[in-house]
Amino acid sequence: METVAPTVLELAPFSNVLVEHNLALTRDSATTLQVNVGKLCNLECQHCHVEAGPDRQEVMEKNTIDNVVSFASRCDFEVVDITGGAPELNPNLAYLVSSIYNHVPKLMLRTNLTSLPDKKYDQLINTLSKYKVVIVASLPSVSQLQTDAQRGNGIFEKSLTILKKLNEAGYGCKNSGLELDIVSNPTGAFFPPSQSAAEKRFKSYLDRRWGIEFNNLYVVTNVPLGRFQKWLVKSSNYENYMHKLADSFNPGSIGGVMCRSYVSVSWNGFLYDCDFNQATNLPLGGSKTHVTDLDGPPMLGDPIAVSDHCYSCTAGAGFTCGGSID
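Note that numbering that gives the first Met the number 0 gives residue 277 to position 278 of the sequence shown, counting from 1, and the numbers run on in steps of one.
It should be emphasised that the hints constitute simulated quantities derived from the structure, not laboratory data.
Every value quoted in this text rests on a predicted model; they were computed, and no experiment measured them.
Glycine included, C-beta positions come from ideal geometry on N, C-alpha and C.
Possibly wrong hints are sitting among the right ones.
Said to hold, decoys possible - Distance condition first, Cα-Cα at most 27 Å in a straight line; then the derived BS3-like pairs of lysine-lysine:
1) Lys164 / Lys202
2) Lys173 / Lys163
3) Lys118 / Lys157
4) Lys233 / Lys202
5) Lys163 / Lys131
6) Lys61 / Lys119
7) Lys199 / Lys173
8) Lys131 / Lys118
9) Lys61 / Lys131
To be verified - What follows is a list of derived Cβ distance ranges for each label pair:
10) Gly187 / Ser306: 17 to 27 Å
11) Lys157 / Asp27: 10 to 20 Å
12) Ala23 / Tyr130: 11 to 21 Å
13) Pro302 / Asp54: 34 to 44 Å
14) Tyr130 / Thr30: 17 to 27 Å
15) Asp117 / Ala11: 45 to 55 Å
16) Ser69 / Ser306: 27 to 37 Å
17) Lys129 / Ser72: 17 to 27 Å
18) His242 / Leu293: 21 to 31 Å
19) Pro104 / Gly169: 33 to 43 Å
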């Protein structure tokens, strides 16, 4: 992969900021196992921190899935959160869902809504609804112009088509038992809006214009890694964006950041404190660990590996993969 040398910043390391505030970032109970099934994706989104795309070869194989399922069976996770890339492009996705279903109360799948042809989506939706998998769909904006600028021409319209198809299957509809959530992220080098205000706007606009329903909207901050970092450097926004994140550091967010309760497993079975640490190859607690190496989840109080991208999760209201903390 192409490397980028960002501008040298006069920025206090995140670890130093924790010390200055008399804080330590350590593990709480591990309640969520996030499984990255590969970096293969049909899109090359501007904001993607893992630089997923059509040419990526990293795809979780069946034997690694078996190891992940075994790990889940040894732990007491409340949620398994399946992500990518585009998880739908992993040929073993249905096998993962059916195999891990009995080991965790809640399954989630993150989707960009556009990776499969319509007939393939019909098959996938049937599988997901059978196992009551929560679908977390990415839709940066209710503006076609903004969404297509970030994700590619025609993506907004195709996303709406699949959202309607999900509604037809009961996803996002009252009393269906099938949850459909939407994740929105900024289309540039700025912070997301208020989550509650954004949810009201999305619900009103999607319902009024296209008759689309969903359950919850989550806003996330773009993390300065991967393709987004490259865009920041190329557009001369990197230094300002990093300082904006650091200047907005919120000590009160530390208790709720996702790394305290998440375990992230990569396509090849290695463990990380979060998906962002995985993107930078910063292993679990700073020590390389395979999913087969642990008899159970990380221990309460274990240290969490940190770097300057951690400013993203602790700026302003703070955020997790489930949206803003406050």
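Right, here's what the structure says about each hint:
Using a Cα cut-off of 27 Å, the hinted pair Lys164 and Lys202 holds, with the two alpha carbons roughly 17 Å apart. Of the pairs offered as hints, the one joining Lys173 and Lys163 holds, with about 15 Å between alpha carbons and a cut-off of 27 Å not exceeded. The hinted pair formed by Lys118 and Lys157 meets the criterion: a straight-line CA distance of about 14 Å does not exceed 27 Å. Only pairs whose Cα atoms come within 27 Å are accepted, and Lys233 paired with Lys202 is rejected, the gap being roughly 35 Å.
The straight-line distance between the Cα atoms of Lys163 and Lys131 is roughly 18 Å, inside the 27 Å bound, and the hint therefore holds. A threshold of 27 Å between alpha carbons decides the hint, and for Lys61 with Lys119 the separation of about 20 Å falls inside it, so the pair holds. Only pairs whose Cα atoms come within 27 Å are accepted, and Lys199 paired with Lys173 is accepted, the gap being roughly 17 Å. With a C-alpha separation of about 20 Å, the suggested pairing of Lys131 with Lys118 holds against the 27 Å cut-off.
Restraint check for Lys61 and Lys131: satisfied, since their Cα atoms lie roughly 22 Å apart, inside the 27 Å limit. For Gly187 and Ser306, the Cβ-Cβ distance of about 23 Å falls inside the hinted range of 17 to 27 Å, so the restraint holds. For Lys157 paired with Asp27, a C-beta distance near 39 Å fails the hint of 10 to 20 Å. For Ala23 paired with Tyr130, a C-beta distance near 38 Å fails the hint of 11 to 21 Å.
Restraint check, Pro302 to Asp54: a C-beta distance of roughly 36 Å satisfies the suggested window 34 to 44 Å. A C-beta distance of roughly 19 Å is found between Tyr130 and Thr30, which places it inside the suggested range of 17 to 27 Å. A hinted range of 45 to 55 Å for the beta carbons of Asp117 and Ala11 is consistent with their spacing of about 50 Å. Remark: the range hint 27 to 37 Å for Ser69 to Ser306 is upheld by a beta-carbon distance near 30 Å.
Checked against the hint of 17 to 27 Å, the C-beta distance between Lys129 and Ser72 comes to roughly 21 Å, which is consistent with it. Take His242 and Leu293: their Cβ atoms lie about 38 Å apart, and the range 21 to 31 Å is violated. Here the CB-CB span from Pro104 to Gly169 is close to 20 Å, at odds with the stated 33 to 43 Å.
Going through the hint list in order, the structure does not satisfy hints 4, 11, 12, 18, 19.
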